[in-house]
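Chains as they are written, first to last, in the working numbering: chain A, 1 to 275; chain B, 276 to 722.
These aren't lab readings, by the way, just hints derived from the structure by calculation.
For every residue, glycine included, the Cβ atom is placed at its ideal position computed from N, Cα and C.
Among the clues, some could well be false.
Claimed, not checked - Incomplete in silico selection of chain B near chain A, CB under 8 Å:
1. S296
2. D316
3. K671
4. S688
Claimed, not checked - Away from chain B, derived, C-beta distances all over 12 Å, residues of chain A:
5. S36
6. L39
7. I43
8. A46
9. G52
10. P59
11. E60
12. S63
13. D93
14. T124
15. A146
16. R150
17. A172
18. V193
Stated by the list, open to error - Which stretches of chain A does chain B cover? Using the computed rule of at least three CB atoms under 8 Å from a CB of chain B, they are:
19. 24 to 33
20. 82 to 90
21. 106 to 118
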Amino acid sequence: MGSPCEVLVDGGSGAQADEVSAAVAQEAWRIEDKFSRYLEGNIIHAVNTAAGRPVEVDPETASLIDFARTLYEISNGRFDITSGVLRTVWTFDGSARLPAQDAIDQVRGRVGWHRATWESPLLTLEPGMEIDLGGIGKEFAVDRCAALARDATPLATMINFGGDLAVTGPRAGRETWKVGIEGPELDAAEKVVELRQGALATSGDARRFLLRQGVRYSHILDPRTGWPVPNAPSSVTVAADTCTQAGMLSTLAMLQGGQAERFLEEQGVLYWCRR
Amino acid sequence: MAGVGVTDMQKPGKTAERSVSATLAAATCALLGTTVAAPVDAQEEPKWGFNTSLLYYGEDEDRVQDASFKSMVRRLFADDRTLSLGLTVDALTGATPSGAIRQDGPQTFTRPSGNDSYTVPAGDLPLDDTFRDTRVAITAGWQQPAGEMGLLSVGLSASSEYDYLHTGLNASYAHDFNNRNTTVSAGVSFASDSIEPVGGAPIPLTGMLDVDDTSNRLGDQDKDVLDVVFGVTQVITRNLVVQANYSFSQSDGYLNNPYKFLSLVDGVTGDTLPRIPGPEGGPGGQFLFESRPDERTQHSLYAQAKYYLNGNVIDASYRFMTDDWEIDSHTLDLRYRWPLGATSYLEPHLRYYTQSEAEFYRLSLDSSQALPQFASSDYRLGNFDAITAGLKFGWKTRNDNDMSVRVEWYTQSGTVPTAQLIGNQAARDNYPDLNALIVQFSYRFSR
């Protein structure tokens, strides 16, 4: 998952906690192995190296692709699982090195869900295109693992994969899970959220950006332009029923740039936006 | 810069935006293959915490009654910094033992104010019924992390009664070690109090005078108290936490109770020596105001263990205190928190306290002997045992605020050393039992 993952079980014995965390770890590794774009031999690798040929995907992958398509539609193309190749021209290392428009345009030719043909279970990409489910996978894994934990133990459990997290219910005595939202200073919790039910997810990384002539370029790329979304918040945290919903709402908010807060207000969700 | 802006053309309409979360919820259900998830229940940690309580303390036989209102407001700031402000208002009424012994005939005393006198019926324990007061106390505290593992607290306190003014300062530091399994703490507090007794502080061991005679009264008095505490808290297992403290307290200044006195008695009969009151009225017996040392050094050791298992908490503690007035005390305290369902609990409480008397504790002063330098018949400096037994019921309200009701009984019984009993005193109840009822209602909420 590219981040520290933890399972917290409220009460119970060490053996119970071990049992739950073993089940969770197994599921997390399964999802990681199956959907990581860094690994060879998995379904993502098969799709990305098909060179224009259709690839038949399994039902779980199909449901993720269906989900991604819905997001593409409701975000008017801002959320796009084929946008990953833009990273070949953009490196967000805090420097002033912006890519040339020519280079961006070249890559843009390989970006866009409208160029893909999805007739479940067959996915066909144009040669050179790639999909990356990284923007969904972690939140999906959190929810899957939370469901597993709910089945494995009646004890309240928190699944936390690098800050994207879900709880299976309130702690004993209806106590809350307290989650700190990091402030601009590392390790300093700026806000504390009390969670009894549901999930939290955060998008954004204040440490990944480019800075040129006083203009800050966030690492949130708009696949329609190939350029960073202007005025994107440095991070957005959303509370929702599931981690997947929280994660998608925070990502969609980031993609709204300067309109992030307005978008979140319209969704009527509890959120924390940092600029 | 060209190409940076997102074109407005593609900006979705408002209706589309509103439907995003609904569409997303449906898509998520399809993805996770679950039915509708339980709705999120999250909120930002409340910035304000309020803790209020109403307490009634009532001693039987018309002794002290206290109605107390307490309110604590806590404001939470970023990075675990906390400001707390507290207010306590006590309304006290009732009577307290004056220190004089029982007699077979009625006894007349001058009131502390010196303006009047009162008479206690034959055989009764002499109580001073002028005890009536309102006490207001305020506290302010600031707590903040100090470095990665430290926690610093500073505070101020003040309280005011019609005859007593307290001001205090305190500071403490706690440091975590060993993966936060060990906490070592040190604290210091200093109090500077001034005592303005009604009618003036009497000169120790002088006699109670006639009404309107204030010749043995002094002006205002003061007292300083320095407290130092060192503590260690250790997590033993995930279910067990133990704590040990050592504390030291040094009091200097006026440590008498200006309203307490002793009967001066006949060395054979043990009865109070008679006195002829003046024309304005006054005591019909000889009573001398108490005299305590102007210094007191206390040491105490405290140990506590808390054991948690599936919502049950057993909390046991023991305190040993010793001081240079030769009072030694032992306190054993047991609480058991027993959950009833997910949102309420029952907590029985049992406390046992025992102390030995101060070296200068006297039931009365023997007129056939030279007067001691120090003497007090204050029952709180005597040899006694006390038991507190109670039950607390706590529950969470529908909006997750905490409420509790606590009812406790306190019973105290003491003895006067046989060697101190003279003549007729042996046949009397010299250390009457004290029974009290405590009822407390607490409500905790946050905003």
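Hints, one by one, checked against the model:
1. For S296/B, the suggested interface contact is upheld, since its CB lies about 4 Å from the closest CB of chain A, less than 8 Å.
2. Taken as an interface hint, D316/B checks out: its beta carbon lies about 4 Å from the nearest beta carbon of chain A, inside 8 Å.
3. With 8 Å as the threshold, the beta carbon of K671/B comes within range of chain A, its nearest partner Cβ sitting at about 6 Å, so the hint holds.
4. Given the 8 Å rule on beta carbons, the hint for S688/B is violated: about 38 Å separates it from the nearest Cβ of chain A.
5. For S36/A, the requirement that its beta carbon stay farther than 12 Å from each beta carbon of chain B is met, with the minimum near 18 Å.
6. With a least beta-carbon separation of about 22 Å from chain B, L39/A lies farther than 12 Å from that chain, consistent with its non-interface assignment.
7. Once the 12 Å rule is applied to beta carbons, I43/A is consistent with being away from chain B; the minimum gap is 16 Å.
8. With a least CB separation of 21 Å from chain B, A46/A remains clear of the 12 Å interface cut-off, as annotated.
9. Interface exclusion of G52/A from chain B stands, the closest Cβ pair being 27 Å apart, more than 12 Å.
10. A cut-off of 12 Å between C-beta atoms contradicts the statement that P59/A is not in contact with chain B; the least separation is 10 Å.
11. Some Cβ of chain B comes within 12 Å of the Cβ of E60/A; the nearest lies about 9 Å off, and the non-interface call is violated.
12. Taking the minimum C-beta to C-beta distance to chain B, about 5 Å, the non-interface status of S63/A is violated against the 12 Å cut.
13. Against the 12 Å criterion, D93/A stays outside the reach of chain B, whose nearest CB is about 19 Å from its own CB.
14. The claim that T124/A lies off the interface holds: its Cβ sits roughly 22 Å from the closest Cβ of chain B, which is beyond the 12 Å cut-off.
15. The non-interface label for A146/A is inconsistent with chain B: the shortest C-beta to C-beta separation is roughly 9 Å, within 12 Å.
16. Here R150/A does not stay apart from chain B, with its beta-carbon only about 10 Å from theirs, under the 12 Å limit.
17. Under the 12 Å C-beta cut-off, the non-interface status given to A172/A relative to chain B is violated; the minimum distance is some 5 Å.
18. A cut-off of 12 Å between C-beta atoms contradicts the statement that V193/A is not in contact with chain B; the least separation is 6 Å.
19. Residues of the stretch 24 to 33 of chain A lying with their CB closer than 8 Å to a CB of chain B number 0, which falls below the three-residue condition for coverage.
20. Figure legend: the stretch 82 to 90 of chain A, annotated as covered by chain B; annotation inconsistent (0 residues with Cβ-Cβ distances under 8 Å, at least 3 required).
21. With 0 residues bearing a CB less than 8 Å from a CB of chain B, the stretch 106 to 118 of chain A misses the requirement of three and the coverage assertion fails.
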